[in-house]
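Chemist: Chain by chain, the residues:
Protein chains: 2
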Amino acid sequence: MTAPAGREGPVVVQKYGGTSVATAERILAIADRIERNLDRTPRLVVVLSAMGSTTDELVGLAHQVSDRPAGREMDLLLSTGEQVTVSLLGLALQSRGIPAISLTALQCGIRTDGVFNVARIRSIDTARIRAELDAGRVVIVTGFQGINDADDVTTLGRGGSDITGAALAAALGAGACEICTDVDGVFSADPSRVPGARLWAEISYEEAIEMASSGAKVLHPRAAEVCMEYDVPIHVRSSFHLRVGTWIRGAASIMERAEVVAVTGDAKIAKFTLLDVPDEPGMAARVFQDLAAGGINVRLIIQSASSAHQGRITFILDKEFVAGARELARSWEAGGVTSGCVVEDDVAKISIVGSRLAATPGLAARMFAVLARRGINIDCISSSEMKVACVISAERLDEATAAVHEEFFPAKETAAATA
Amino acid sequence: MTAPAGREGPVVVQKYGGTSVATAERILAIADRIERNLDRTPRLVVVLSAMGSTTDELVGLAHQVSDRPAGREMDLLLSTGEQVTVSLLGLALQSRGIPAISLTALQCGIRTDGVFNVARIRSIDTARIRAELDAGRVVIVTGFQGINDADDVTTLGRGGSDITGAALAAALGAGACEICTDVDGVFSADPSRVPGARLWAEISYEEAIEMASSGAKVLHPRAAEVCMEYDVPIHVRSSFHLRVGTWIRGAASIMERAEVVAVTGDAKIAKFTLLDVPDEPGMAARVFQDLAAGGINVRLIIQSASSAHQGRITFILDKEFVAGARELARSWEAGGVTSGCVVEDDVAKISIVGSRLAATPGLAARMFAVLARRGINIDCISSSEMKVACVISAERLDEATAAVHEEFFPAKETAAATA
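Chains A and B, in that order, are what the protein sequence lines are.
All residue numbers for the first sequence refer to this note's numbering, where the first residue is 1 and numbers rise by one.
All residue numbers for the second sequence refer to this note's numbering, where the first residue is 1 and numbers rise by one.
Rather than coming from a laboratory, the hints here were simulated on the basis of the structure.
Using N, Cα and C, we set each Cβ at its ideal position, and we do this for glycine too.
Do not take every clue at face value.
As the list claims (entries may be wrong) - Under 7 Å between C-beta atoms, here's a sample of chain B residues computed to sit facing chain A:
| # | residue |
| --- | --- |
| 1 | 38 |
| 2 | 53 |
| 3 | 73 |
| 4 | 76 |
| 5 | 298 |
| 6 | 301 |
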């Protein structure tokens, strides 16, 4: 990292999410927070999401004028949300006498691959931001959006402001990428559902990515990937106070790593079953090729040797992809691949995440035993290097999460650890 | 005008104001209107304002985070309103299978002089718009905004979308600049206050400019100036139906011109009096120089020879400038120019407008006589080539407007004219 030209100290990037900028009062609170901490963050870049409900309202308007709002105009529409919040924070800081400038993605050179609605950041020309920092200004940047080669606005998809923050931190060689949110950091389970959930002081990038991919609302997994690649430490912390939250960094620099870092639940999944699939080669290949070509991510494939289930292909996918999969199923019916499909959306996924999971097979067995003791049926299991996931009945998810969490983080021990 | 490269026919620019885009339903109605008329307007550029209440809401948010929101960030904030409407109309047209593209001021090269909040359009690079028209698309442009040399958004002030429409029509050599609004065209008085108001088939640019400057909500006077300079006819018409409204064009092409085209009222004024101004040379000069330097437009100066008012300087200004004038008055008090000021905001202005007014002195006298017959006191009079304005009590404004209108447009005659 080269030394900054103007003010001293490394660049800090702070990202504030939708609940942190939900009202004018909350934006004033962020201005307070920045003002109180200005000595410690003299070179500060702030990335903002849209106000809490704005994106939903804009999507609602779009659905009133179009059956399938998408593409270029949808991105232009959605990008207004962050323009509003960055302008307001700029006005709030300026009225306190703090030099500040709010920049759109175009003004700070965030270039994307140009795919509307789900663009990826390709490059950032940091000249303007560096110049503004050198001039002593707090730089406020619209999250969630970039510009393609035609200067059209392209958005990064839900949670995209995390990616903007991470990409800016990487491009600026920042000392830290702070994800300021409505919880105190990264917990061993969702603290609003599991009261005994433990707040971590630090976890590894890989663990954060696995947790986020398993349904934990930590940060966007691509944001963690970007910071891992550029070795920028992430600090997930509360936007309501200045206490330290959870640091996410390279595994090598973490002294003592837990076997299991989180128990996560995800109810936004559905089970999709194709009936009467002929026992011919190429049938499954066609199904999964079609799904991939349609941009539909399959989370799990359930294979069963039981004769009762012969001729079936079952897979788990996110609820949002069900409509697309149903459309494909109609083409498979027409093509003789299946006689029809069954969708069950009363399923959920419970996962344990930890970087030493694969090396410690006993951990997965403990999870299965806890579920078995409670009579919670496991529909299917998927395991990877750092994760074991079970599909269960959605209505047992909260109970299962609490029980599995208690197995790995007994209340007594947790109390001792946090004492 | 050169022949268009792609589709045939001249370019038409249509501007829709805040009430015409107030809701998703209204935007769908505009999409309907465009669809039904597409054969007659194959090369169509649509300029939109923000949704009715959006600008006020954004200003409200800004005042919650800053005592005096202004400047660069304010313009970035306000410019989101038009981005929302152009995106929504783009989605609405696309969902009907009509090729359409929505462009921001930056994307269609509207450059300004760079003064935030009250910028003036300096140039328009029409290459992108022409290319989109050639490709057969309806082009939808954000009104009210331009871009300065630093690519910062600069807004044109209230009513600025009219100016955008006029400037685009001029730059594109359009066949017409249509101002689509919530009334049927230009009337001889505000039809919501004067039931017998007459709808004109055509008036001159100069008359439109004088009317707009006298408080009539026709269109922004600068928009009419731009169209006059580039000889683009303006068509003020309803956005609710397709009937012909009022054409505004060069006086030379208008067959028969009325002596008086409008009676207009304006209650948004105040009377400002400085007391005990020493009878020394240079005092009045200082006052009006300071006002001009502060960007405060003085509408009328009242000079009185009466001894009771000696040592007073009285002028009429728009209500919005009262706070600024009060601030200046404090500096004049400190400098010995005055002992203090009195502000009266219970005054209003009634005007008659017509291009043959100066050549027909009897017309002004008829106005004064009508007011005198009703015992309405005239505080002061201002007259110009095309306008006679009287300052009266605000509470008599509606009565005065109706009476003066009846004098020049008797109900019987109007009925005959429209029959």
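Chemist: Give a verdict on every hint.
Modeler: Do the hints match the structure? See the list:
no.: 1; hint: 38; result: 18 Å, violated
no.: 2; hint: 53; result: 14 Å, violated
no.: 3; hint: 73; result: 4 Å, holds
no.: 4; hint: 76; result: 4 Å, holds
no.: 5; hint: 298; result: 30 Å, violated
no.: 6; hint: 301; result: 36 Å, violated
Hints 1, 2, 5, 6 from the earlier list are contradicted by this structure; the remaining hints agree with it.
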